[in-house]
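Chemist: Line by line, the protein sequences give chains A and B. With the working numbering applied, the first sequence corresponds to residues 578 to 976, in that order. With the working numbering applied, the second sequence corresponds to residues 2 to 482, in that order.
Please keep in mind that the hints were generated in silico from the structure rather than gathered at the bench. We put the beta carbon where it would ideally sit given N, CA and C, even for glycine. Watch out, some of these pointers could steer you wrong.
[Stated by the list, open to error] When the alpha-carbon atoms are kept at most 27 Å apart in a straight line, the in silico DSSO-like pairs for lysine-lysine are as follows: (1) A:Lys-708 to B:Lys-346; (2) A:Lys-696 to B:Lys-349; (3) B:Lys-187 to B:Lys-140; (4) B:Lys-39 to B:Lys-349; (5) A:Lys-708 to B:Lys-242; (6) B:Lys-242 to B:Lys-204; (7) A:Lys-763 to A:Lys-814; (8) B:Lys-204 to B:Lys-234; (9) A:Lys-696 to B:Lys-346; (10) A:Lys-860 to A:Lys-949; (11) B:Lys-140 to B:Lys-234; (12) A:Lys-814 to A:Lys-585.
[Said to hold, decoys possible] Sample of chain B residues lacking proximity to chain A, with all beta carbon distances greater than 10 Å (derived): (13) Ala-120; (14) Ser-173; (15) Gly-427.
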Amino acid sequence: MATGIKDKVAIIGMGCSRFGERFDAGTHDLMAEAFNEALQDAGIERKQIDAAWFGSCLDQINIGNSAIPASLALRLDGIPVSRVENMCATGTEALRGAAYAVASGAADIALAIGAEKLKDTGYGGLPPTYKGTFNDLWMPLGSAPAGFAQLADGYRTRYGISREELKRAIARVSWKSHQNGVLSPKAHLRKSVTMEQILGAPMIADPLGLFDCCGVSDGAACAIVTTPEIARALGRKDMVTIKAIQLSVSSGIESTTNTWDGSHVRNTRNAASRAYAEAGVTKPREQISLMEVHDCFSITELVTMEDLFISEPGRAVHDVLDGFYDRDGGGVPCQVDGGLKCFGHPIGASGLRMAYEVYNQLQGRAGERQLKSPSLGLTHNLGGVPYQGVAAVSVLGLH
Amino acid sequence: MTYGITGYGAYVPRLRMQRAAIAAAHRWMSPGLAAGAKGQRAFCSWDEDSITMAVEAARPVLNAPARAAFQSLTVATTRPAFADLQGASIVAGALAMPAAVRTADLGQSPRAGVSALLAQWRLADGPALVIASDHPSAKPASAQELGYGAGAAVFALGSEGVIAELIGAHSSWNLFVDHFRSNGSKHDYHWEERWVRDEGYAKIVPEAVAAALASAGVDAAQVKHFIFASPLKGSGAMVTKRCGIAAEAFDTTLDEQCGYAGAAHACLMLADALERGQPGEVIVLVGFGQGCDVLVLRATEAIAAYRPRGGVRAALADAQVHGDYLRMLSYDKGIELEWGMRSEKPVKTALSEQYRSSDQLGAMVGCRCKRCGTVQFPRLAYCVGEGCGAPSTNSEPVPLSDVPAQLLTCTADWLSYHPAPPLHVGFVQFENGARVLMEIVDVGATALDVGTPLRMTYRVKDVDTARGFARYFWKATPLAA
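One chain only, chain A, in its complex shape (with noise of 0.2 Å):
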């Protein structure tokens, strides 16, 4: 494997928009806020900036295709810009375009500004997408939980659990994040639910109920980063570096071929795999302090929970219902803030706002839901669907 980019680049400004139904907002209004809080945390100007990666996913709902809009939006004077769009890894796509020009030595300072508005559409949940001219003609329709919730099937067959079972321990994956939210201010959504509620709800796509299901919002992040080097000459203590970013993508052996049993996805274990060498974890459950993955589903952070090499194969329905990933349950907390379950995911911010709240935390500046002295976290990401995707890991800690 290559050497990697591991302590080559460090985070030194972050900002995140409040996520929500921001109908006060525009996607440049939102970039806007985001991006305003990280250039205060640098304490950088905006003609600092070498260059930048917008990731933004929809365009029919959004700031419109290329890199022209997010320039405008920011005043980004004739600097590189490019956009990036990877499904739902579209967020972390962009910081891992800006960390690579800083590694690479061909930006001192670069930005990386995710964005997407999912409100406008005029109802709720994703619209459908497009699959190409050929796709169209003979893959089915489907939701984005109708595309998770067969998660279900595979992983209670693969390990002999009781479709009561399961669900149970689903709905204690979206019961925690929302128990986290609460402690967020820029969540969506901030109320904490009960388990009959999240078992009782009307069902989305089956086993998927309402609470199993993230919702939809409106969001940007942003992060600017550069070498330890300047961020050490820019006065940063406390320096938050990025030990990995690595990604996988499908190339449809899951989908189209027998060999994969729907209990897991593939993507993610290879994308953790690639981002542990990168990164020199060997023990991910002892090493890891916190992490924020991609609950889009509360069936994909359980089975996510496998996939990252921190619960044991077949365990995370056990590790999951004994509070192992709560806040305050003495394993690794997951989704410290809420995760998309609370924040909802505006789908080019997400993987930024995971980003933002580790890098928050291991700088000891997470308000009331701060954790005791955290060294490494982790971000995960999980786009398209489970059996054809993409998936992101990224791992930044205290340099």
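With the hints as your guide, set chain B onto chain A.
Modeler: What follows is chain B alone, placed relative to chain A:
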């Protein structure tokens, strides 16, 4: 060498509506409908039409003779899916027929199915498939709404293994307008039932039947199966009697369990008669509509050994009985429901792309990699097999539409727009190793689960309502209704 019927098949949509449920919905304005509200009628799901039913009827008969031997394929219907786009070509593609097969559509009268059969018999130019497929549509609260049904029947004709031969026929034309449907109209317009019965059926049919029997040199008393299709209840028995044919020669099973299937109905009755037929039995087949085609057939010795892979009785038994009248109305676009903004997604078809991938879409042809053996659908440039990646030029075609399969994963999606919610979608694992994400239809009362046996069914994939274009593909359905 005798030329005749060498095989037959039938399809009736699984969906059946209780006639009592239809009558109950209209009781407030037409209480009299309750009198005829017995039994059930077949109705098409939102994604079924004359093309999909034709494919389903024809699939079981394609082995005899081998599909490569067929010279022609005719589809008769009064409900063509397109006004200008040949349905028989779409059917031929789904059936993986050789490119040299002569295809034709026939329609515009309920007589079309029988006419197509007679025309091919007269032509006798090699193995042929004749399919009648129809789903007449009636106005809500009409007597026809209760009586109409849907279905398709197919006959293979050829010179080897003939199970029924033609021993006489008579045709006549007669501009007797019992009903009509103008261009662009959805529903038929019917004239008075007693006039149709007394001036039409009672006078036109016996005369033509007598002439046909005379040409065959057969006496009416020798007729074992009499086939006359009509949407008018009780008229079949009346015509049978007028023709001097024994009452027991007329069977009403299809009326009771399926309903009148337009141009396909007489053909369905013939397939049913052949299924019950014994060597030497005489069958009289009447096609009625602006005149008559009457065929007199005799079953050969070969009929005793013939076992259909898809017969009428099996199709009738494969039923999912519903009582939601509004469901039937919605599937037939008889009521405009609010489907929400999600239904507004445009589904314009790139016709160039559809043509490029027509073999994959037609008979669901995937491929097997000659290097690693992986069977895959769709066929992309390189093999999907782990660590293989061989070019697809190094592969052989594998049709998946008849390969046994079972369910790997599934969900019932209530969020997506779907005309028959919930949308059942999941992975289908084929016995030969192929795996495809598919829509699952006609799920019925038995819940889907991992391992549920499935078969493929040819359906409308989706409809571009802005341009009125339907595109077709395969879906999975549980083996057991």
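Chemist: Of the numbered hints stated previously, which ones are contradicted by the structure, given in increasing order?
Modeler: 4, 5 and 15
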